[in-house]
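Visitor: Chains as they are written, first to last, in the working numbering: chain X, 1 to 449; chain A, 1 to 294.
Honestly, the hints are just simulated from the structure, not real lab data. Keep in mind the model is a prediction, meaning the values are calculated, not measured. Errors might be hidden in some of the hints.
[Unchecked claim] In silico EDC-like links for lysine to aspartate or glutamate, alpha-carbon gap of 20 angstroms or less:
hint : chain 1 : residue 1 : chain 2 : residue 2
1    : X       : 408       : X       : 237
2    : A       : 54        : X       : 302
3    : X       : 408       : X       : 236
4    : A       : 206       : A       : 183
5    : X       : 408       : X       : 84
6    : X       : 408       : X       : 143
7    : X       : 408       : X       : 232
8    : A       : 54        : X       : 301
9    : A       : 54        : X       : 307
[What the hints assert, rightly or not] Some chain A residues judged to face chain X by a derived CB distance under 8 angstroms, without partners named:
hint : residue
10   : 151
11   : 246
12   : 247
Ideal placement from N, C-alpha and C gives every residue a C-beta, glycine not left out.
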Amino acid sequence: MFRKLALVAAIIALLSLSLGAAAAQDDMDWTCGMVDSDLAATFNFTGWEGPGEVDKFLLAFDEFFNANYPNVQQVPNTGVAWGDYWTTLPAQLAGGAEIDMAWMHDSRNDTFGENGWLLPLDSYMESCPIPGWPDHFVGTQIDAFNYQGTQYAIPYDWAPGGFYVNVDILEAAGLEIPTEESTWDDILEIALAVTEDTDGDGTTDIWGLGNLASPGSGGGGHYWIVKSFGGDYWNEEITESRLNDEGTIAALQFIADLIWEHGVHPTADAVAATGFGSELLFANGNVALHYALNDAASRMDELIAGEFNWTLAPTPTGPAGRYQFVGGSAFAIPSSSTQPDLAYELIRYALANPAHLCRTATMGAALVSQADFHNCAVPEGAAYADDYNHAFSVMGARDGIHPTYHSKYLEWETSVYVSNFDLLWTGEERDASVVAAAAHEQTNMLLGG
Amino acid sequence: MSAAMGTQKRKTRFGQKELLRLHDLLVYIVLSVVGIIFLLPFAWMVSNSLKSIKEIYRLPPTFIPDTMQFSNYIDAWTATTFDRFFINSVIVSACIVLGQLFTASLAGYSFARLRYPGRDKIFLLYISLLMVPFTVLMIPLYVQMRHFGWVNSLNAVIIPFLFTPWGTFLMRQFMVTIPRELEDAARIDGCGFFRTYALIILPLTKPALATLALFTFLSSWNSFQWPLIVLGTPAVKTLPLGLYSFQAQSSMRTPWHLIMAAATFVVLPILVAFVVGQKYYVRGIVTSGIKGGG
Chain X
1 MFRKLALVAA IIALLSLSLG AAAAQDDMDW TCGMVDSDLA ATFNFTGWEG
51 PGEVDKFLLA FDEFFNANYP NVQQVPNTGV AWGDYWTTLP AQLAGGAEID
101 MAWMHDSRND TFGENGWLLP LDSYMESCPI PGWPDHFVGT QIDAFNYQGT
151 QYAIPYDWAP GGFYVNVDIL EAAGLEIPTE ESTWDDILEI ALAVTEDTDG
201 DGTTDIWGLG NLASPGSGGG GHYWIVKSFG GDYWNEEITE SRLNDEGTIA
251 ALQFIADLIW EHGVHPTADA VAATGFGSEL LFANGNVALH YALNDAASRM
301 DELIAGEFNW TLAPTPTGPA GRYQFVGGSA FAIPSSSTQP DLAYELIRYA
351 LANPAHLCRT ATMGAALVSQ ADFHNCAVPE GAAYADDYNH AFSVMGARDG
401 IHPTYHSKYL EWETSVYVSN FDLLWTGEER DASVVAAAAH EQTNMLLGG
Chain A
1 MSAAMGTQKR KTRFGQKELL RLHDLLVYIV LSVVGIIFLL PFAWMVSNSL
51 KSIKEIYRLP PTFIPDTMQF SNYIDAWTAT TFDRFFINSV IVSACIVLGQ
101 LFTASLAGYS FARLRYPGRD KIFLLYISLL MVPFTVLMIP LYVQMRHFGW
151 VNSLNAVIIP FLFTPWGTFL MRQFMVTIPR ELEDAARIDG CGFFRTYALI
201 ILPLTKPALA TLALFTFLSS WNSFQWPLIV LGTPAVKTLP LGLYSFQAQS
251 SMRTPWHLIM AAATFVVLPI LVAFVVGQKY YVRGIVTSGI KGGG
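Start from the sequences, fold in the hints, and give me the full structure.
Guide: Okay, here's the thing in structure tokens:
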């Protein structure tokens, strides 16, 4: 009896403690005492995410300003499409634009850091630390926004890649859903088995694989495959290209062969015919294994609308091991910001307040960089929840990788990687070694120049 | 014999006529096909503007919507401050068109008619600005706008574009074709430079002015990159930026049905301007292009 009473008392005590802690968190002062609460100013921020994507932040921003700085007027300039964002933002920052906070990408951080367009955040983080930093944040993303020992942005979300699986297609062919133990040969075997011209008109109606290569694909999207074949883009010191390494060429040839040799991956023309992209082919039941980042899951579920059974699976293991792409975005403060202190307080609030981290993760199907909230990214009760968590959160955290970014990465990706390797994806050149040789030479010029 | 030859001649003439008709018919067919090809994207835009988002994503795509969703137009208009974007675009385009007509016609008159030292060199220098790509000017222009306090103001998208080397070139080329005798007569009647410009030259350059107005309207109405850089506040955004604000990072999250409806709004004024000014547009180009000279 006494034991039971003690147990109940312990449970009650634990509950009150956790409730108390939650209440304390709610009451927590999220300012760092650096800004006058009566401040009347405008706060400009910019980002590439558009309607339905940016709301996750805007709610948090509203809460922060209403609670702490009611006289600050927010001026959002969001929804600048990805490609245009990286043209306009440098032009604006080089021109001294008064942008107080900017949404930053890991692949661009070093370029912006080197050009002096971003404010180093280390002293801020020392004087007013971000709860959970750095132990509770995803390591690859902390590193990605650190350039030459200086933290220029604080990672907010990260996105690992994985396979969206049409379970019905695989089941009909008597095939198992791939796992992280599957090899590229297993994946090719599945793809060959399910690729089919169902109506006999001479054109493929179901492809085994999708979205592994399309014109305009950036280097980050293929890096995990290159690594899994033992290749790389450059050496550790980033002084010399490794694009002509055997492993790099083997990986890129493997991808190109999926389209041109095996016919198990849609051509660029087949994708263009949808008017939208590869996602639509998968959502319409035309692709068995579609490669995409985790943040496409909730929208994919809406598009499929129960027409077929689908789930998620980890990407395979290559001859040189298993690697999984991770990319991510972060909040940065431009060096021309007129309200850097306020921007830092806002970033700190957005990154660490548990009251909204889960909500924003759910809204954006985003894995937030705070590892404690990874379970929030998938809607409660979703049929794909367990597979999602395994394929993205667990495996992504274990095997996540991205190219070693550097200050010339932005230039390299567009002028070297895309312009050369697009030839493979469009079929203008079928031999990866030919394309890699040209890209290798240009990369060396860029790195040495 | 002569009667027989007459019949043969008539036959030949008839044959030539038929041949000409056949030639015309072929030309019309080819032009119609080309016209249809050019119209297809617009038709596709209107078709998609009337579909539901689900139908837009359907494969294979359909051309005629299952159910016409006219509400897309209302939704697109009310989804964001489209009226504000529309007014801003009208203000910007009107100011630029009127401004360029004024400055380009005055400058063109000066380069075509007035005599002063270095005139042709200045003209050459001015039109050489056509060779400078806008990308090179973006950052210096942005710095300038910031110093003037015009960032996030319509001034930044109007004032730098009130002057045009291309328009000046067009006007000058047109004005040199106007007989000098008309000017001489005006001077004899006591007109100074400005009255001659306003009362004699300007009315005679209507086709060139119409061409310039139409081209300027098209470019300022559709202007995107510079406004994207310099206009960040929703209150000052123009229509192309408003249209752009519908677009999500992920194409699968973008409300394409609303974008297509909004795009139809955006295109309509251009279409009206072109239909109204078509005659001047063609005449202006032909006249200034063929008769250009010293």
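Visitor: With reference to the structure, classify each hint as holding or not holding.
Guide: Structure-based check of each hint:
1. X:408 with X:237: holds (13 angstroms)
2. A:54 with X:302: Holds: residue 54 of chain A and residue 302 of chain X sit about 10 angstroms apart, inside 20 angstroms.
3. X:408 with X:236: holds (15 angstroms)
4. A:206 with A:183: Holds, because 17 angstroms separates the two Cα atoms, which is no more than 20 angstroms.
5. X:408 with X:84: Answer holds: residue 408 of chain X to residue 84 of chain X is near 18 angstroms, not above 20 angstroms.
6. X:408 with X:143: Given that 20 angstroms is the threshold and the Cα spacing comes to 17 angstroms, the pair holds.
7. X:408 with X:232: Holds: residue 408 of chain X and residue 232 of chain X sit about 16 angstroms apart, inside 20 angstroms.
8. A:54 with X:301: Answer holds: residue 54 of chain A to residue 301 of chain X is near 13 angstroms, not above 20 angstroms.
9. A:54 with X:307: holds (13 angstroms)
10. 151: Holds - the Cβ of residue 151 of chain A comes within 8 angstroms of chain X, reaching about 7 angstroms at its closest.
11. 246: holds (7 angstroms)
12. 247: Status holds, d = 6 angstroms.
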